[in-house]
Amino acid sequence: MATTITKTETLVGKRIRRREDPRLITGTATYVDDIQMPGMHHACIVRSPHGAANIKAINIKPALELPGVAAVFTFKDTEKVGPVPCGASLPGLRVPHHHILAKDRVYFVGHPVAVVVATDRYIARDGADLVEVEWEPLPAVTDVEKALAKGAAAVHPEWPDNTAFNYHQEHGEVDKVFAEAEVIVKERITSQRLIPTAMETRGVVAEWHAGDRSLTLHSSTQIPHLLRTLVAQMLGIEENRLRVVTPEVGGGFGSKLNVYAEEALMGFVARQIGKPVKWIESRRENFTCTIHGRGHVDYYEVAAKRDGTILGIKLKLLQDLGAYHQLLTPAIPTLSVLMMPGLYNCQNIRADIVGVFTNAVPTDAYRGAGRPEATHGIERMVDILAAELKMDPAEIRYKNFIPKDAFPYATATGLSYDSGNYAAPLDKALALVDYKKLREEQKKARAEGRLMGIGISTYGEICAMGPSPATPAGGWESATVKIEPGGTVTVMTGCSPHGQGEETTFAQIAADELGVGIDDVLVVHGDTAVVQYGIGTFGSRGTAIGGTAMYYAIQELKEKIKKYGAMLLGTDDVSFASGACVDNKTGKSVPLAQIAGASYRALTLPPKTEPGLVATYFWEPPNFTFPFGAHIVVTEVDKDTGAIALKRYVAVDDCGKIINPLIVDGQVHGGVAQGLGQALWEQAIYDDTGQLVTGELMDYAIPKASFMPWIESSHTETPSPVNPLGVKGVGEAGTIGCSPAVVNSVVDALSPLGVRHIDMPMTPEKIWKLVQAGGKA
Amino acid sequence: MTKNITLTINGKKRTDAVEPRMLLIHYLREVTGLTGPHIACETSLCGACTVHLDGKAIKSCTMFAVQADGREVLTIEGLAAADGKLDPMQEAFWNEHGLQCGFCTPGMIMTAKQIVERNPKPTDEEIRHGLEGNLCRCTGYQHIVNAVRAAAGK
Chain A
1 MATTITKTET LVGKRIRRRE DPRLITGTAT YVDDIQMPGM HHACIVRSPH
51 GAANIKAINI KPALELPGVA AVFTFKDTEK VGPVPCGASL PGLRVPHHHI
101 LAKDRVYFVG HPVAVVVATD RYIARDGADL VEVEWEPLPA VTDVEKALAK
151 GAAAVHPEWP DNTAFNYHQE HGEVDKVFAE AEVIVKERIT SQRLIPTAME
201 TRGVVAEWHA GDRSLTLHSS TQIPHLLRTL VAQMLGIEEN RLRVVTPEVG
251 GGFGSKLNVY AEEALMGFVA RQIGKPVKWI ESRRENFTCT IHGRGHVDYY
301 EVAAKRDGTI LGIKLKLLQD LGAYHQLLTP AIPTLSVLMM PGLYNCQNIR
351 ADIVGVFTNA VPTDAYRGAG RPEATHGIER MVDILAAELK MDPAEIRYKN
401 FIPKDAFPYA TATGLSYDSG NYAAPLDKAL ALVDYKKLRE EQKKARAEGR
451 LMGIGISTYG EICAMGPSPA TPAGGWESAT VKIEPGGTVT VMTGCSPHGQ
501 GEETTFAQIA ADELGVGIDD VLVVHGDTAV VQYGIGTFGS RGTAIGGTAM
551 YYAIQELKEK IKKYGAMLLG TDDVSFASGA CVDNKTGKSV PLAQIAGASY
601 RALTLPPKTE PGLVATYFWE PPNFTFPFGA HIVVTEVDKD TGAIALKRYV
651 AVDDCGKIIN PLIVDGQVHG GVAQGLGQAL WEQAIYDDTG QLVTGELMDY
701 AIPKASFMPW IESSHTETPS PVNPLGVKGV GEAGTIGCSP AVVNSVVDAL
751 SPLGVRHIDM PMTPEKIWKL VQAGGKA
Chain B
1 MTKNITLTIN GKKRTDAVEP RMLLIHYLRE VTGLTGPHIA CETSLCGACT
51 VHLDGKAIKS CTMFAVQADG REVLTIEGLA AADGKLDPMQ EAFWNEHGLQ
101 CGFCTPGMIM TAKQIVERNP KPTDEEIRHG LEGNLCRCTG YQHIVNAVRA
151 AAGK
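These protein sequence lines are chains A and B, in that order.
With the first letter of the first sequence counted as 1, position 77 gets the number 77 in the numbering used here; the numbers rise by one all the way through.
With the first letter of the second sequence counted as 1, position 56 gets the number 56 in the numbering used here; the numbers rise by one all the way through.
If you are wondering where the hints come from, they were derived from the structure by calculation, not from laboratory data.
Remember, it's a predicted structure, so these values are computed and weren't measured experimentally.
Glycine included, every Cβ here is placed at the ideal spot set by N, Cα and C.
Any given hint could turn out to be false.
[As the list claims (entries may be wrong)] Under the rule of at most 20 angstroms between Cα atoms (straight-line distance), these lysine to any residue pairs were calculated in the SDA-like manner:
1) A:K482 - A:V614
2) A:K647 - B:E125
3) B:K85 - A:D519
4) A:K186 - A:H757
5) B:K85 - A:R19
6) A:K437 - A:G449
7) A:K647 - B:H129
8) A:K704 - B:S44
9) B:K85 - A:R23
10) A:K704 - B:E125
11) B:K3 - A:D120
12) B:K12 - A:T28
13) A:K14 - B:W94
14) A:K560 - A:D573
15) A:K558 - A:L568
16) A:K482 - A:A615
17) A:K704 - B:E132
18) A:K560 - A:T488
19) A:K647 - B:E126
20) A:K14 - B:E91
21) A:K704 - B:E126
[Claimed, not checked] Facing chain B, a subset of chain A residues (Cβ under 10 angstroms, in silico):
22) R15
23) R17
24) D21
25) Y31
26) E248
27) I280
28) S282
29) R283
30) G501
31) L662
32) A673
33) L697
34) K704
[Claimed, not checked] The following residues of chain B were derived to be distant from chain A, with all beta-carbon distances above 12 angstroms:
35) N4
36) T8
37) G11
38) L53
39) I58
40) P120
Sequences are here, hints too, so could you generate the full structure?
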């Protein structure tokens with residue numbers, strides 16, 4: 001037994017305040033726009049004001065004549081730069097060539113056509129205003145169903161049907177169960193286009209080092225290494241001569257899980273002018289040129305028995321892709337198909353996706369990426385089925401849950417759910433709201449003529465993305481753990497967090513594993529010249545995959561530590577615990593700092609052991625993880641104004657083992673806010689000519705503090721067997737669980753009027769009209 | 001054509017020649033090097049650029065630097081004591097996990113300071129109303145409300 005304990009308190013599971021915060025609360029963190037360099041120039045991009053148009057001519061002369069303008073570049077200059085990449089592949093996928101600057105035609109408002117470079121950001125903007133473009137406007141199409149109709153304007157003239165791909169997936173005996181079903185319910189359910197709206201817009205600072213033919217790109221991205229690989233290809237630079245630095249990143253939510261034209265364009269410009277160049281996206285550009293999310297029109301059919309047993313699900317999914325494929329655009333709706341059965345034991349599914357081009361900015365991964373759409377669909381359909389059968393929405397869910405002893409569970413969509421106890425969070429949420437009493441209150445409210453609703457959603461999600469064979473790039477993650485000569489610990493993680501708090505959670509895990517203090521651990525990320533190759537932070541993967549890579553690197557180090565410990569203690573029977581090696585026979589111990597020092601000084605070495613204490617581990621996950629939960633929302637609708645009051649919001653989330661409850665709660669709150677945004681307020685609206693009507697924060701309503709209800713957040717903990725930490729992921733849970741709970745609640749409130757479904761966002765205007773029309777849309 | 005302006009920023013007086021069209025936020029960030037206040041909308045909707053001007057929270061993206069001539073500006077960098085001791089509002093944001101990506105945080109803290117200066121015991125509703133001009137996309141505001149409540153009266 002060990003006699004020397006240097007540290008006993010474990011940190012995993014504790015509400016520890018974040019270690020990244022001191023720099024953020026004092027205004028001393030460095031985001032891309034905070035970078036200043038000698039001789040730095042500023043870029044402003046000239047963009048299309050039209051949804052579709054031919055470019056007849058571009059006159060850059062007036063801009064070039066403006067004092068302070070250093071250069072103006074158009075397509076003829078950047079022609080040789082490779083296309084903006086699409087990493088997703090599907091059979092028969094049509095991929096338009098996505099030049100970084102438009103050639104002779106533009107396909108959406110905001111499409112870049114020229115870049116003006118000047119000594120000052122004001123002059124760059126003046127110069128952009130002086131570039132003269134002669135446009136020939138063309139008919140545009142922005143609605144997916146209109147785009148598929150005969151005679152629609154063609155987004156890309158070479159593909160007049162506006163169809164990028166058709167995708168089919170099927171399992172079980174779908175036709176048979178639908179033929180034999182006692183009840184079939186059908187509904188058209190949309191998940192509208194959303195604008196991710198990270199508070200920090202995108203930005204790039206590019207610096208060309210002529211002496212060694214190398215480029216440094218500072219970019220606000222979620223994927224520094226993948227960006228390096230892909231931009232190096234676009235620019236024809238050797239990958240080892242491109243360094244990508246992600247300084248502080250002010251939010252991403254999937255919108256920075258991408259490779260954008262501007263990232264390669266700034267690299268090109270810096271090389272051309274031989275000076276550093278900065279481009280900072282305006283909010284208007286962020287709304288028109290950074291990817292949007294969602295954009296579904298879904299046609300659902302569910303077959304069931306009269307006792308509520310779900311037999312089969314059919315889905316026809318129309319995905320609004322926008323004008324181009326960004327990095328993962330066509331792959332996102334396939335995630336919806338994977339998640340189609342939700343938490344329910346249903347082996348008969350058929351899905352058909354049509355990927356549709358429109359004259360709009362591309363859609364791609366936005367918080368949840370395909371899974372909120374799927375959850376919204378199945379959770380609405382389950383409620384519609386319950387209403388049809390006059391069943392309680394909780395009861396129908398219990399009836400169809402995959403039983404807790406059925407894991408691992410092979411879904412009809414080809415997944416293997418790792419672990420689950422789906423009744424547990426629903427039990428807890430129902431108890432928290434006192435469901436029986438609440439239904440009685442509702443009866444009373446209805447008797448008084450008030451419109452009170454109770455909405456439930458029980459959601460599942462695919463997290464920890466993911467095993468490499470199932471992802472467009474590698475799905476593993478890397479970590480290097482170094483115990484420095486003085487005994488402090490440096491962790492370099494390949495995932496590049498941007499608000500998720502991994503500098504804290506990873507340090508908690510490392511400190512526990514190595515028996516050191518949390519302040520002895522430093523977590524480093526986001527610089528390809530410093531950190532080994534990695535994948536990034538998205539798909540709720542940071543802790544489950546990146547944390548696990550770190551865990552295994554530490555286990556390798558522990559073996560080496562024990563060898564040095566045995567040598568220093570002169571024994572062959574040692575254990576390592578609480579930051580020291582202990583001679584199991586004598587109880588004598590030697591602390592980690594002394595071991596680290598000896599390993600670098602290397603006066604003597606243990607047999608077959610190298611100096612130093614550094615380990616790198618690339619962890620390939622054997623499966624995704626599958627968190628789940630139950631959200632219950634109580635609403636009351638004001639008949640006279642259509643306003644929806646959020647009376648209660650209860651969220652019970654099971655994200656596996658919790659490392660830091662404070663951070664987990666924060667993730668849930670933020671996720672719910674974005675789910676509420678979709679359910680109630682947010683919608684990217686393009687008019688028929690391709691103008692983004694909701695092109696500013698004035699017109700696109702992200703939640704404010706006063707919009708938000710108090711979120712009563714709690715948890716159940718079902719560990720994942722996929723990784724040794726037992727963690728699953730929580731970044732997207734709130735968003736995925738939220739929107740159907742809210743819509744189910746409002747539909748429940750309006751059900752006395754005969755309302756069966758409402759599409760999002762449920763604005764007061766929409767609800768008021770519905771009430772005025774006596775429930776008829 | 002430039003104009004000389006003299007103002008006191010975080011307790012220190014300085015004079016600079018600026019173009020009349022330069023926004024106060026660009027002056028603070030690019031001339032004085034105080035990059036704590038951020039730009040996230042340029043239309044005074046998001047509040048990331050919030051600083052105090054003569055003791056009042058203002059959005060520095062919708063004001064010209066020349067309009068601040070002769071006045072006092074406090075930015076997030078000037079909030080902690082000279083010895084580095086954090087302001088109670090900064091401490092509360094840290095303790096309560098009132099931030100995630102941190103981009104809105106400097107503006108959010110400057111607004112929160114004003115809320116509790118005007119009302120040392122605000123209700124949650126008053127806090128939420130007071131934060132109306134500051135947007136956060138990460139936190140759902142709940143931990144921010146907790147932080148402002150915790151710092152109130154300190």
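Comparing the hints with the structure gives:
1. A:K482 - A:V614: Given pair A:K482, A:V614 holds - Cα atoms ~4 angstroms apart, limit 20 angstroms.
2. A:K647 - B:E125: 14 angstroms, holds
3. B:K85 - A:D519: With Cα atoms ~19 angstroms apart, B:K85 and A:D519 stay inside 20 angstroms; holds.
4. A:K186 - A:H757: This hinted pair holds, its Cα atoms lying about 11 angstroms apart.
5. B:K85 - A:R19: The hint holds at about 16 angstroms.
6. A:K437 - A:G449: 18 angstroms, holds
7. A:K647 - B:H129: 18 angstroms, holds
8. A:K704 - B:S44: 14 angstroms, holds
9. B:K85 - A:R23: Holds, because 13 angstroms separates the two Cα atoms, which is no more than 20 angstroms.
10. A:K704 - B:E125: Distance ~12 angstroms between A:K704 and B:E125 Cα, so the pair holds.
11. B:K3 - A:D120: 17 angstroms, holds
12. B:K12 - A:T28: Status holds; Cα separation ~18 angstroms.
13. A:K14 - B:W94: 15 angstroms, holds
14. A:K560 - A:D573: Given pair A:K560, A:D573 holds - Cα atoms ~14 angstroms apart, limit 20 angstroms.
15. A:K558 - A:L568: 15 angstroms, holds
16. A:K482 - A:A615: Holds, at roughly 7 angstroms.
17. A:K704 - B:E132: Distance ~6 angstroms between A:K704 and B:E132 Cα, so the pair holds.
18. A:K560 - A:T488: Distance of about 16 angstroms is within 20 angstroms: holds.
19. A:K647 - B:E126: 18 angstroms, holds
20. A:K14 - B:E91: 19 angstroms, holds
21. A:K704 - B:E126: 13 angstroms, holds
22. R15: 8 angstroms, holds
23. R17: 5 angstroms, holds
24. D21: With Cβ-Cβ at 5 angstroms, under 10 angstroms, it holds.
25. Y31: With a closest approach of 7 angstroms, the A:Y31 hint holds.
26. E248: 7 angstroms, holds
27. I280: Holds. Min distance 8 angstroms.
28. S282: 6 angstroms, holds
29. R283: Interface hint status for A:R283: holds (4 angstroms vs cutoff 10 angstroms).
30. G501: 7 angstroms, holds
31. L662: At 5 angstroms from the nearest chain B Cβ, A:L662 passes the 10 angstroms test, so the hint holds.
32. A673: 4 angstroms, holds
33. L697: 4 angstroms, holds
34. K704: Constraint on A:K704 satisfied, holds at 6 angstroms.
35. N4: Correct as stated: the minimum Cβ-Cβ distance to chain A is 19 angstroms, above 12 angstroms.
36. T8: Holds, because the least Cβ-Cβ distance between B:T8 and chain A comes to about 18 angstroms, which exceeds 12 angstroms.
37. G11: Correct as stated: the minimum Cβ-Cβ distance to chain A is 15 angstroms, above 12 angstroms.
38. L53: About 16 angstroms separates B:L53 from the closest Cβ of chain A, which puts it past 12 angstroms; holds.
39. I58: The claim stands: B:I58 keeps its Cβ more than 12 angstroms from every Cβ of chain A (closest is about 16 angstroms).
40. P120: For B:P120, whose nearest Cβ neighbour in chain A is about 19 angstroms away, the distance exceeds 12 angstroms, so it holds.
The structure shown violates none of the earlier numbered hints.
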